[in-house]
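Engineer: Residue strings, one per chain:
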Amino acid sequence: MTAAEWQIVWFTAWVAALSSLAILPAGLAAAWLLARRDWPGKSVLETLISLPLVLPPVATGLILLQLFGRRGAIGGFLHDRLDLDVVFTWRGVLLALSVMSMPLLVRSARVAFEEVDPRLEQIARTLGAGNLRVFYTITLPLAARGIIGGMILAFARALGEFGATIMVAGNIPGRTSTLSLAIYQNVQLGDDAHAFRLLGVSVALAFIAVWGSELLLRTSRQKP
Amino acid sequence: MYNDDKSTSYGNAEIGAGFRHRFVVVLHRAALVNSSMNKGILGLLTWLAPLALALPLRAAEVTVFAAASLTESLQEIAASYETQSADRILFNFSASSTLARQIEEGAPADVFFSADEAKMDRLETKGLILRKTRKSILSNSLVIVVAADRGAAIERPGDLATDRVKRLALAEPNTVPAGIYAKEYLRKEGLWSAVEGKVVPMENVRGALAAVESGNAEAGIVYKTDAAVSRTVKIACQIPAADTPDIRYPAAVVAGSKQTGAATAFLEFLASEKAGNVFGKRGFVVLKPGSPP
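In the order they appear, the protein sequences are chains A and B.
Under this note's numbering, read the first sequence as residues 1 to 224, first letter to last.
Under this note's numbering, read the second sequence as residues 1 to 293, first letter to last.
Keep in mind that the hints were calculated from the coordinates and are not lab data.
Hints are supplied without guarantee of correctness; some may be wrong.
[What the hints assert, rightly or not] With a Cα cut of at most 20 Å, we get these calculated SDA-like pairs of lysine to any residue:
#1 B:Lys166 <-> A:Pro173
#2 B:Lys198 <-> A:Gly190
#3 B:Lys166 <-> A:Gly174
#4 B:Lys198 <-> A:His79
#5 B:Lys166 <-> A:Gly76
#6 B:Lys126 <-> A:Gly190
#7 B:Lys166 <-> A:Arg175
#8 B:Lys166 <-> B:Gly151
#9 B:Lys132 <-> B:Ala118
#10 B:Lys234 <-> A:Arg71
#11 B:Lys198 <-> A:Phe135
#12 B:Lys198 <-> A:Trp90
#13 B:Lys198 <-> A:Pro173
#14 B:Lys198 <-> A:Phe11
Chain A on its own, in the form it takes in the complex (with noise of 0.2 Å):
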């Protein structure tokens, strides 16, 4: 493994963990108005954001672009206004892999909030708690298994994204370049050695991912 090659891991397990808690506050928003609040256009914001897991990576990819260009209408705000851009720069990708990887975490969390008792918080309520300590002190303790559950679906997503964050932050060497991004431009190069390398890394970090949420489930089922 080259030092550009470590670089390409880390960039890409950084970005992907940082858009994990990135979608955080505002996935578990909307998971815990999926599951226990009814409001007209309920259905629109669900399908709206299990769109990414249907559409094709490179659309998606490609909505964003419009969006976020320099010319697009967020993005042409954030150059203009703040001098900040995103296609084509490390923002580009966490925006990409946190678009993608949103469905899974709100998914998850939506059964997971589903599945709380809403006695318990009746409870909670009638001993004179407020709406948000009901669901700092309830809520979330007991859905918690399903949130990080659904925050390593994220992760794992975020990992092998490739469609949309080519379209986005395109493949710059030590910049936007991520583990898939850099697994095809080798095979591109004909340089599969180092493709195999970054393969190996990419299934052990898979690997990793998942086994881990298969013990983290075990452990806390084990619990009284």
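Place chain B on chain A using the hints.
Structural biologist: Below, chain B alone, put in the same frame as chain A:
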């Protein structure tokens, strides 16, 4: 409709026509039965089916793997070729490096049209092209492009090193011909170390063009012919041919081709005057036949 005189001029097409005739009769009966229930789409389909069956038997389909910069020219040339030949031309446009790699992996190409000699050399060394058919057909030149609307103020190549350019879009500079040419040029000008950190490497030269079109890169280096197909970029600076490596587009029949006859015929058409006029119109330099490979 299903049995025109062109198809009967081929031996196997005659057998096919007989079979198809019977098939068509069955289909027509089916169409009659169906018409009482569903007069629309199904009936139409059964009438069109013989047409679809007639096509593949008539002629060869020549698959051409060609550098992305050749897209519009070759499409125009193929359209003109198809009016004089029964053969159909199919294209796979991409970076020459990608195409060479695909041919190495056994992709079903009949003709390879590369944007540099190096990729063709690589395939020739591996015995993957028919050496005798290889010829260098075109040359091209590089330009620096910026967005036509709100583009960066670039007047000379040295401006690429200033902070007016935050990102410079190139085709991948280590593998894709347009990128290799651009990198060589920037090296020669002593600019490479100053711009290397700004380079956004794209899949092929059209990717680099698109990055400038969208405004996401302030400048890019592409072929003159690419700049000509885009309305949203303008040429900031022409790069004299003498300052770049020799840009050459060789073409050859792929050794694995199952229809070398049809492939060679199209290759010859590519070197013809008629094709040359199209290439010339689009800004390519047509190389004289017999120039050294």
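Engineer: Next step is simple, just say for each hint if it's right about the structure.
Structural biologist: Cross-check of the supplied hints:
Of the supplied pair hints, the one linking Lys166 of chain B and Pro173 of chain A holds, its CA atoms being roughly 16 Å apart against a limit of 20 Å. Distance check on the hinted pair: Lys198 of chain B and Gly190 of chain A sit about 25 Å apart at the alpha-carbon level, beyond 20 Å; violated. For the given pair, Lys166 of chain B sits about 16 Å from Gly174 of chain A by alpha-carbon distance, which is consistent with the 20 Å threshold. For the hint linking Lys198 of chain B to His79 of chain A, the alpha-carbon distance of about 17 Å falls within 20 Å, and the restraint holds.
Distance hint between Lys166 of chain B and Gly76 of chain A is fulfilled; the C-alpha atoms sit about 16 Å from each other, no more than 20 Å. Pair hint Lys126 of chain B plus Gly190 of chain A holds up; C-alpha atoms about 14 Å apart against a cutoff of 20 Å. Distance restraint check for Lys166 of chain B and Arg175 of chain A: the Cα-Cα separation of roughly 14 Å lies within the 20 Å cut-off, and the hinted pair is therefore satisfied. Taking the CA atoms of Lys166 of chain B and Gly151 of chain B, the gap is near 12 Å; set against the 20 Å cutoff, the hint holds.
Simply put, Lys132 of chain B and Ala118 of chain B have alpha-carbon atoms about 17 Å apart, close enough for the 20 Å limit, and the pair holds. A C-alpha spacing of about 17 Å is found between Lys234 of chain B and Arg71 of chain A, which places the hinted pair at or below 20 Å, so the restraint holds. For the hint pairing Lys198 of chain B with Phe135 of chain A, the CA-to-CA distance comes to about 47 Å; that exceeds 20 Å, so the pair is violated. Only pairs whose Cα atoms come within 20 Å are accepted, and Lys198 of chain B paired with Trp90 of chain A is accepted, the gap being roughly 14 Å.
Between Lys198 of chain B and Pro173 of chain A the alpha-carbon distance is near 11 Å, which keeps this suggested pair within the 20 Å criterion. Only pairs whose Cα atoms come within 20 Å are accepted, and Lys198 of chain B paired with Phe11 of chain A is accepted, the gap being roughly 19 Å.
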